Amino acid sequence: MSTTTAVVTPDVTTAAGSPSPQGPPRRRSHLRKRLELLLLLGPATVLFVAFVFFPLVAASYYSLFDWNGFGPLTRFVGFDNYAKALGDPLFQGAIGHNLFIVIASLVVQLPLSIALALLLNGKIRGRTGLRLLVFAPYVLSEAVTAVIWLSLLQPNGVVDGLLESVGLGGLVQLWLADQSVVMFTIFAVVTWKYIGFGIILFLAGLQGVPEELREAAQIDGATGWQTTRLIVLPLLGPTIRIWVFLSIIGSLQLFDLVWIMTLGGPAGASTTMASYLIDRGFRRYEFGFGSAVAIILFVICFVFALFYQRFALRRDTQGAITGRVE
Amino acid sequence: MTATTLAPAKSRAPFSAMTPVRYLFALLIVGVTVAPLLFVILGGFRTNAQINTDPAGLPSPWVFSNYANILASESFWRFLGNSALISISSTAIAVGLGSMAAFALSRYRFKGREALYSMFTIGLLFPLGVAILPVYLLLRQLHLLESWVGVALPQAAFALPVTIIILRPFMAAIPTEIEDAAVVDGATRLGFFWRILLPLSRPALVTVSVLAFITSWNGYLLPLLVFNDPANFTLPLGVATFQSQYAQDTASILAFTALSIVPALVFFIFAERHIVGGLTGSVKG
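So the sequences go chain by chain: A and B. Taking full-length UniProt numbering, the leading residue of the first sequence gets 1, the next gets one more, and so forth. Taking full-length UniProt numbering, the leading residue of the second sequence gets 1, the next gets one more, and so forth.
Source of the hints: derived by calculation from the structure; they are not laboratory data. All figures in this text were calculated on a predicted structure; none of them were measured in a lab. Glycine is no exception: its CB is placed at the ideal position from the N, C-alpha and C atoms. Treat the hints with caution; some may be incorrect.
[What the hints assert, rightly or not] Pair ranges (Cβ atoms, derived):
1. B:Ser118 <-> A:Phe311: 17 to 27 Å
2. A:Asp66 <-> B:Ala173: 46 to 56 Å
3. B:His143 <-> A:Asp178: 42 to 52 Å
[Claimed, not checked] Capping the alpha-carbon separation at 25 Å, the derived lysine to any residue pairs in SDA-like fashion look like this:
4. A:Lys33 <-> B:Ala187
5. A:Lys33 <-> A:Val49
6. A:Lys33 <-> B:Asp180
7. A:Lys33 <-> B:Met119
8. B:Lys111 <-> A:Leu31
9. B:Lys111 <-> A:Arg28
10. A:Lys123 <-> B:Thr19
11. A:Lys123 <-> B:Ile269
12. B:Lys111 <-> A:Arg34
13. A:Lys123 <-> B:Glu272
14. A:Lys123 <-> B:Val21
15. A:Lys33 <-> B:Tyr108
16. A:Lys33 <-> B:Asp185
17. B:Lys111 <-> A:Leu37
18. A:Lys123 <-> A:Leu213
19. A:Lys33 <-> B:Lys111
20. A:Lys123 <-> B:Val32
21. B:Lys111 <-> A:Leu39
22. A:Lys33 <-> B:Val184
23. A:Lys123 <-> B:Arg22
24. A:Lys33 <-> B:Ser106
25. A:Lys84 <-> B:Leu137
26. A:Lys84 <-> A:Val299
Isolated chain B, as found in the complex:
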């Protein structure tokens, strides 16, 4: 209540009339975005019979077996583990190699620097779909089909453009005085990169890591083509396959889906600031 008495002092007449409308719309938006998620989560606590007779109802009684079955199934955990392994490796590769390249592209002068940078940036316009047939053939030749490496490597390659585009201006903006001081203190250029520039670039590194991780975690097309053996499936692939295999068992599908949302949402809550920062940061160039 105190807030409402204080507020009018700053923003006056036209706004106060809008306030109830604002809240109404805010509620509406939240309803539309959250209701489907709630339906999925709650649906997992119902039986198929409950869902069939009253699709939008609440669980009554609450059933825990759907979730219990999924949590007890080996495949869910395996999908989760595969996803984690692939996303973490792909992120590490993309950010590791990307930061090295961004360092060279931002703080060295050499012939062809801008051309090389352009090559990386143009990569943003190559959808994975365009490259997928030759990538598939290449992976087949390298015997990387059915291997997590076969997903992690191309995903890292496709994450390089965004990584470099965000890191390069960030690294370029770090004052040369710091570098000069380091050199005076006897640091080599690579020592400067490792011991000073990388720690200083931490905010940008976190942002690019988050972006690379999410992209890899959510990837569907590449795992779809690389993996035939369900033992290798990632979570998105697992969810989609589970859905088509158990099409009649809606309750289990909902429980499976709800559980697969959890890691994404938890990660998102921790990383939200960096996701938004990364997006808006890239907007400002």
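So that you can see chain A by itself, here it is in the shape it has in the complex:
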């Protein structure tokens, strides 16, 4: 029995390539292979389709209706929900807030985490412990992070107290209640939480830069800065591109932090696409409209990922779209 199945080893599966004279055993082994595949792939596929794939299809269907999530789908409205969402200043603001986080991450977090990784990559005592500490906020949930910073940022709280004690009392703000400040505050918290991830990623990337290359450059008289700019950074390219990808996808999906810290307020000043979607879908029971928002969010993520995959990542990963790791 077991010898018959040997025919089906993956590399020999071009069954024609190894013709076994007797018909029946081969057919039986084919059947067996199918059963094995069904057993191995069936459960994962069913689970995935049920909770990931089907919901997307369902959402695109619901998005065409005016529907509160109960009863039959009768009030077909076509693309009205999409038009309504895209025309809503609150949603436009939400897109803007997500874009703000995307751009601020690229401009602030990226250089900062590369610089810090370069620093930590040098010979320092206690480097391992340092890396562990820097990475710690990354493992906390966004919910816990949000609660921590709510306590720190409350009026007359620690942040205010510290600013005053160093003579910068003039900088004290209503960190989460001032419309013009709140997104900066949220960005700062996002940075606190995720900077360690970038640092660790770039430190790992730096491991891949051969020491000989740096030494050779130094022997040729390159300064430390020149070595970094001309040798190290280009070799860090793949890591940078992955970071950018993960950062943008993460920024587009920002939800937990915002929801707990501000509920998208004050007056929508920190609403993100995801918080808008949850607010409409689950607090106001606008399931059709919320689905349209979900599809818009999906299309934005998908189009970005597709382009990014095609133009930036292809060299590095050959098809593997990598990790949503939160």
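Given the coordinates of chain A, assemble chain B onto it according to the supplied hints.
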């Protein structure tokens, strides 16, 4: 001191001048990342009066009642238990089903294999938020609202892409000679999977388990929507709710938050290598 006398031999002039700067920055980074955590932990040992009069001060005197109250409260332990139950089941499902699928996708040839693989990988781009409305309706229909299964199953489904993407190349890289030898020794293909491939894949399995576990442990949106009854809350949901319910009682909030950080940090210290390995591993495709 000996280290400093030895070091110059290798990395010379430009680096030694940088060393104090390096340490300064290192200290600064640690300060910024750790200070908030320290504030939370120490704050739990203070009274609200202490916190109000001097927000950034040290406990004086040290108060243990905040922590004692939380540790004595049934709800904290229940949140912890709920989180553990959900994360462990979700991880087991994701890694169990994911490794079976990765095995099939890496070592069988069949029509539609790459299409199926692409379907799983595209799943990475579906944020949970996008699917959440239909997922909620589906759970309602299956009577899984207010049930831990209703959180564990979708979380496992959303963990499948990362699991399969990391496991497939790992399993594909295990030499076919080993498989041939097993077959010669009379193993069936499933026997090979169970007795040889899975043990050999252990490093990758640990990595994907850690990633799935953390994602599930930290999940907020799904529990938020599935659970209304506080008895079912997970830790992130519990922390957020506690914060809004006891907004005036900062000291208790800090103690509660500090205690909820502990499991994450302990787990992290044990799993750090695998987390980083998983992330960088996935970077290299």
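Quick rundown of the hints versus the structure:
no. : hint                              : verdict
1   : B:Ser118 <-> A:Phe311: 17 to 27 Å : 19 Å, holds
2   : A:Asp66 <-> B:Ala173: 46 to 56 Å  : 52 Å, holds
3   : B:His143 <-> A:Asp178: 42 to 52 Å : 45 Å, holds
4   : A:Lys33 <-> B:Ala187              : 15 Å, holds
5   : A:Lys33 <-> A:Val49               : 23 Å, holds
6   : A:Lys33 <-> B:Asp180              : 17 Å, holds
7   : A:Lys33 <-> B:Met119              : 22 Å, holds
8   : B:Lys111 <-> A:Leu31              : 14 Å, holds
9   : B:Lys111 <-> A:Arg28              : 18 Å, holds
10  : A:Lys123 <-> B:Thr19              : 8 Å, holds
11  : A:Lys123 <-> B:Ile269             : 23 Å, holds
12  : B:Lys111 <-> A:Arg34              : 11 Å, holds
13  : A:Lys123 <-> B:Glu272             : 21 Å, holds
14  : A:Lys123 <-> B:Val21              : 12 Å, holds
15  : A:Lys33 <-> B:Tyr108              : 9 Å, holds
16  : A:Lys33 <-> B:Asp185              : 19 Å, holds
17  : B:Lys111 <-> A:Leu37              : 11 Å, holds
18  : A:Lys123 <-> A:Leu213             : 18 Å, holds
19  : A:Lys33 <-> B:Lys111              : 12 Å, holds
20  : A:Lys123 <-> B:Val32              : 21 Å, holds
21  : B:Lys111 <-> A:Leu39              : 16 Å, holds
22  : A:Lys33 <-> B:Val184              : 18 Å, holds
23  : A:Lys123 <-> B:Arg22              : 9 Å, holds
24  : A:Lys33 <-> B:Ser106              : 14 Å, holds
25  : A:Lys84 <-> B:Leu137              : 23 Å, holds
26  : A:Lys84 <-> A:Val299              : 17 Å, holds
Checked against the numbered hints given earlier, the structure satisfies every one of them.
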